[in-house]
Structure formats: C-alpha cells, structure tokens
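Enquirer: Single-letter residue listing:
Protein chains: 2
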Amino acid sequence: MTAYHPLTEEEAILYAKGIPDLFQSDTKLVSREIGDGNLNLVFHITEPDSGKSIILKQALPYAKVVGESWPLTLDRARIESETLKIEAALCPHLVPHVHLFDSDLALTVMQDLSDHVIMRQGLIERNRYPLFAADIAHFLAHTLYYTSDLGMNQQQKKIQLGRFINPELCKITEDLIFDDPYHDSSNNNIDPRIRDTVEQLWQDSDLLLEVAVLREKFLTHAQALLHGDLHTGSIFIRPDSTKVIDPEFAYYGPMGFDIGAIIANLLLNFAAQEGWSPDETEREDYRGYLLETIKEIWTTFDREFRALWNEHSTDRVFHTPGYQDLYMQNLLQDTFGFAGAKMVRRVHGLAQVADINKIEEPAARERAQRIALAIGASLIRFNRQASSIDDLIDIAVKSAQ
Amino acid sequence: MTAYHPLTEEEAILYAKGIPDLFQSDTKLVSREIGDGNLNLVFHITEPDSGKSIILKQALPYAKVVGESWPLTLDRARIESETLKIEAALCPHLVPHVHLFDSDLALTVMQDLSDHVIMRQGLIERNRYPLFAADIAHFLAHTLYYTSDLGMNQQQKKIQLGRFINPELCKITEDLIFDDPYHDSSNNNIDPRIRDTVEQLWQDSDLLLEVAVLREKFLTHAQALLHGDLHTGSIFIRPDSTKVIDPEFAYYGPMGFDIGAIIANLLLNFAAQEGWSPDETEREDYRGYLLETIKEIWTTFDREFRALWNEHSTDRVFHTPGYQDLYMQNLLQDTFGFAGAKMVRRVHGLAQVADINKIEEPAARERAQRIALAIGASLIRFNRQASSIDDLIDIAVKSAQ
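Sequences listed follow chains L and Y, in order.
Per full-length UniProt numbering, the first sequence runs over residues 1 to 401.
Per full-length UniProt numbering, the second sequence runs over residues 1 to 401.
Quick caveat, the hints were computed from the structure, so don't treat them as lab data.
Keep in mind that the hints are not guaranteed to be accurate.
[Claimed, not checked] Computed cross-link-like contacts, DSS-like style, restricted to lysine-lysine with a CA-CA straight-line distance of at most 25 Å: (1) Lys217/L with Lys171/Y; (2) Lys52/L with Lys243/L; (3) Lys243/Y with Lys85/Y; (4) Lys217/L with Lys52/L; (5) Lys17/Y with Lys28/Y; (6) Lys217/Y with Lys171/L; (7) Lys217/L with Lys217/Y; (8) Lys52/L with Lys28/L; (9) Lys295/Y with Lys398/Y.
Chain L extracted, bound-state conformation:
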C-alpha cells in the first residue's frame, strides 16, 4: 500500500487496523467515505465495539470545483499535517489531534470531530457559540504571533518559511480572490439579478487599486504562517468547543488575511440573514450577535497579541516606542481589506457560500448578495483609512439598512 493511489474503503480499514495502539486487535472496523470528492478522500472509520473513531484524510491529485478539474500537488497534505502540528503545539484544544502523517499516501490520520458541526451550517441555523470569539482570537493570536518574526527566532522563521512554500494552493487564492471577481472572467458565477452591481465594481478604479495592493501583500508579505483558508467551513464547532481544520492553504503571508477571512464569513452570514431570519426583530438580534462576535474577536485578538508581544518578544527593536501601535493599526487595516476581498469573491466568484446560495426566496437572496457586496466593497475601499474595529461595524450596519 506504499505507492500513492487513492484508497478504497477496504484499504482504509486495513490501514487503520495497522496503526499501533489505536484500536483493539482483531477488531471489526466500519468505514464511511464522507469527503465531497473534490479535493480529498475522507474516511470516517469507526470501531462499533468501543465506539472509537478516527478520520483518514487523503489528498487527491486533482481539484474539482463546479465541474472543472485540474491537477493539484499532493504536497499540500504534508503542508496541512505540518501546519496542524505547529498549531497543536500552540493551542492544542483548538485543532484536531494528528495521529500520524503518511507522506507516500498523502494521508493524515486524525481525531474524529463528528460530534461537532461545521460552523457555516451552525450559523445558518442561527445558533450561538459563546466560546467562539475568544477561541478563534486565541487561535489567531497564538498561531500568528509565534510563527512570525515577533515570536520566534528570526533565522528559524526563514527556514520554516521554506517548508511552507505552497505555490499551487496560493495560485487558487490569487486567481479566485484577487483577480476573477474584478473582471468578466469565465470563472465567475454571477447571478443575473446582481450583474448591474458587479459590473459597476469592475469600473470602480479606487476599489480595483486597493485590490491590486491587497494582492501584492498576499504575494510578498511573509509575516506569519497562515491557515490560509479560515472560513466558517474550516471550523468544527459546538457551544463548548472550537476546532480549526483543513490548513492545506497554509503559507507565509500577511496576518490580516486570516483575521479578515473569519470576519468576512461572519459578515456573509450577517448579510444572509435576509433569507434566514423569520422576522425583523429576530434578524436584527442575530445580526447584533454576529457583530458583537466580530468585535470581540478583534479586541481579544488585539489584547492577546499585544500581551504575547510584551511578554515574550526578546528582541530590542520590537519594543521601540510607537512601533506596536503602528503594527496593530496596519494589521487592522489589512484585516479590513482582506475581509472585503473574501466577501466579494463569495458573492459572484467561482466558489460561493451556502449562507447566501441556499436562500430559496430569490428576492431575499438578491438582497443578501447586494448587502454582502456592499459591505465587501466598502471594506476594500476604506481599508487603508481604518482606525478601529468600530469602523467595520459601522460599515456593516449602514450597508444593511
């Protein structure tokens, strides 16, 4: 079973039985393939006798998105498992435990999280997660601080950066987030109802300039090891637990890209409440919850990141008066810009979100799309002037009026 090939369910069971100290010997295991088949095989392996279960995630040598298929490196499985290990060392309670990584098979054996739900679905159902803001802020502060020049030896950081060069996955982001949504690309998937507004974006020279600048940061600003795809579909959640999964897009990039990603996805749900909340009071109530969550994420992140910096940065220059404030302001501005870019692409780009697309009523769906587009475009246009997370809350509230 050593040479790479996509495993069958029988092979997945055999493989799981061979892992030391996991299941009983001579046990019966059951496998269910639960991946969507677009990027990975995901085998959910259970031992009915004990109730124990694990996940075998195997990278496929291609990607499929909306019918199209193209080759994709298996090295992303290594990048994912190595990132998970780094994240686990920094915040073990916030990522799945990795039992092993098999590089020949591009296969990661990890903790089963099926007692959690995918956060995107949880938000569509208007659930609340009281620990989430603090958890994700902790995750962001620790993973971003400790993989940056601030929090690790600067020479070791350079070497670590070399292990996370991820051209093919970065290319997907560069195209789908920073390019296609801003011109009439065949990769877009534009709802005819909002085509007028989308075409206006393509003529908005201020917006296009900011997108070019944001893309440049994504291409060149090697600040920290990012998750790289931190949307609400990459988070398994329960009211009492948060688990960040799927860091196969990990690479050294601008910190604001990760912070912006999670905020963007909360704002997409905020926009989508047009279609999910039965009445206006309930809708505004849930929207209030989402905005409070966003504010708590930034303020907690800001506080924890500064605390790590103040306590653990041994480097003299990083304690230059005024430097931390300037750094955090730039980070907030990047967060605005990347959050905006992450929103816009989800409205009319190739890969969209269930929050909006599963709204059945066309007029409500259109309103949600227009609100999401308005917030996203405003955040992009405004990003280099942002001075407080309240600016973002204001933009969201005004765009939904």
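Since the structure of chain L is already known, use the hints to place chain Y on it.
Expert: Below, chain Y alone, put in the same frame as chain L:
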C-alpha cells in the same frame, strides 16, 4: 580534493589546471591569494604564457570582522554563484562570468576583473564613471523586475524564493544595519568626537520608529531577489565598464534595499569629500557629479523598470490604473529609508567605509562623519513622505551646508 577544506595555493593551481578548456595543457600557472581572509579565499590564477587569468573564490567556514570571528555557512557560496547566474542571464555585461561552481569545496571559478578597480577606491580618487549610472540602473531594473512577481511566473517565484533563504547572512544585516547603530551596542565603533550626535540619535523616537519599520520590511517583504550588499566595494569599475560582484547576501527582500545601498554609498563619498577635495570648488564640483549620478540612477531605473513592466507584465491586475505609480512611490520611499539606514551604520557601526575612515585630518573626518550622519538620519526620518528623488538631493545639499 573533494571534501571541503580551505585550499592551499598549490591546490588552487592544481584545481585550475583540471578545469577543461581554460588553460593550455601542461602549462605553468601562478597563484596569488588576494582575499582579505575575513570571509573568503580569493586565488588570482595566471597563465604567464598566454596572459590568461581567472579567479577562484572559496568561502571560508567563518567570518572575521574587526578581530572577531564567528562560524558562517558555506551555503552562501551556492547562493552567490546561483545569484550570479541569474544576474548573468539578465544583464551579462554587468557581472563576472562564472565558469563553474563546486559545491563540495564552496568554490566559484569566475572571470578575473583585475583590469577594473573597486569603485570605492575610484570615488575616493575622485574619478568619474560616465557609464556607471546607466549601468547600475539597468542592473537594478532588470534584476529586480525579472525576479519579482511582476516579471516572472508567480508560482515559480515562490519556488525560487525557497532557493535563496539565507538566514545567517541576513542576520548580519539585521544586527549591523538595523539594530546595533541605534543603541549602545558593543559592536559599534564610535569615534569619540561624534559620540554626542550618536547619542542624540538613540533618543530620537521618530527615527527609531522608522528604523523598526524598515527592519520589518527587510524581514518580511519578499519582493525580489536582492544582491543584498550593493555598496561601492561590491562594484568593479572602469570608465567603460561596470561589474557587480559578491552577491553572497542575496535573498528575497524589499527592492529599495538594493537601490538604497548604492545611493547611500555615493552619499557617503559625498560626505567624505570634506577630506578628499583639495579646495572648495573642486569639492562642490565632485559633489555635484555624485548627486547627478544619484539622480540619473533613480530616473533611469524608474524609466527602465516601468518600461519592463509595461512591455512584459502579462498579468492583468498589474495593469490596474494607478497601481504602477503607487508601487514606484512606495519603492522610492523604501529607497530613501534604506539609503539612510545604510549610511548611519557606516558612520559608527561595526563595519565602516574607507571614504570616511581614511581621511587623515581629524577635523575633516569629523565633518564628514557628521554630514553622513545628518543625511542618513534625515533620509530615515523623511522616508515615508518622499515623493521625488529631488527630495533626497535637497536633503544631501542642506546637510552639507
């Protein structure tokens, strides 16, 4: 001779004889070791019969600066030879030809340039080099453009970046340029006559903040493959020829660091004319030549870089209206900042320059130091407001009054 060891002159001759198609068979070769022994052995090998000559440059596993010695990776020889090859592909007339690189011995066999002089010495002697500004601008435009996301495939750039991770040499820059000169470090070498001014710098909070920001760019902004040490000691010159040597500090960093380095070293000579010009007219005349050279370097670089961009960047987003102007403005500002940092460290840091230090008359030397420090500090303070190369010329002229 395969395992690494520093070659003797006899071994260097034997090695040279073994290189195919270079010298006659059974020829007599003469070797002269002309390195300073601080970082490398440099064997100048001549064949008296033909007059042919080559250079064998071998990295030593340590660095010595002002008496101190510390271990230093031999991998820098690979980085140097690979950088020279990339530079040679882009502007063959501006770098020495590399015959071969021997990784086991950390040894590069390259063109002998002893018919040129080291530019620092040429400037001390107040020579003029009519081709220099155009040559170095061409070198900068081509090497920086074609190794950046603008001028090469963005996925290949990421992979190329991985080949130029250079932690140990970057560490030298990070310490000696961005840290030591800004506090009372034992690495500094402060002339007691200017200690008052140096101590004022250490209290200048605006300056210190800008230095921290510049260091962050050096640490994180992976814009292009830099030479990394582009001072006038890294340039062999004749009135009709310019050759850039010694790119062992090469890594992916901010473009302005290279442009700033060469401008800084011209400005250090500008300041040093206090000690080298016999009368004021001659001094101001030569200073005028230096400032014209600087202006021509930037304007030619700017024009050539934009032309490459307009003609060869196939990427749609890079042609977003307004983006190129913003990019070039940021590049100019970085150039100011890094030029300033490169000047300050040469006045009272560990490694100083002959332009200033070889001035025999103490009062003239002191004036030169003070002018260099004034220009450097002003460029650092002003960098994020720069809008034209004329701002830099003004700062230099005012600081020398």
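Enquirer: Are the Cα atoms of Lys52/L and Lys243/L separated by 25 Å or less?
Expert: Roughly 19 Å separates the two Cα atoms, so the pair holds.
Enquirer: Given the hint that Lys295/Y pairs with Lys398/Y, does the C-alpha gap stay at or below 25 Å?
Expert: OK: Lys295/Y and Lys398/Y at ~16 Å, within 25 Å.
Enquirer: For Lys243/Y and Lys85/Y, compute the direct alpha-carbon distance and say whether it is at most 25 Å.
Expert: Answer holds: Lys243/Y to Lys85/Y is near 14 Å, not above 25 Å.
Enquirer: Given the proposed pairing of Lys217/L with Lys52/L, does the C-alpha separation stay at or below 25 Å?
Expert: violated (44 Å)
Enquirer: Holds or violated: Lys52/L with Lys28/L, Cα cutoff 25 Å?
Expert: holds (11 Å)
Enquirer: Taking only the CA atoms, is the gap from Lys217/L to Lys217/Y under or equal to 25 Å?
Expert: holds (12 Å)
Enquirer: When you check the alpha-carbon spacing of Lys17/Y and Lys28/Y, does it fall within 25 Å?
Expert: holds (9 Å)
Enquirer: Below or equal to 25 Å on CA atoms is what counts here, so check Lys217/Y against Lys171/L.
Expert: Distance of about 23 Å is within 25 Å: holds.
Enquirer: Does the alpha-carbon distance linking Lys217/L and Lys171/Y stay inside the 25 Å limit?
Expert: holds (23 Å)
Consistency with the previously given hints fails for number 4 only.
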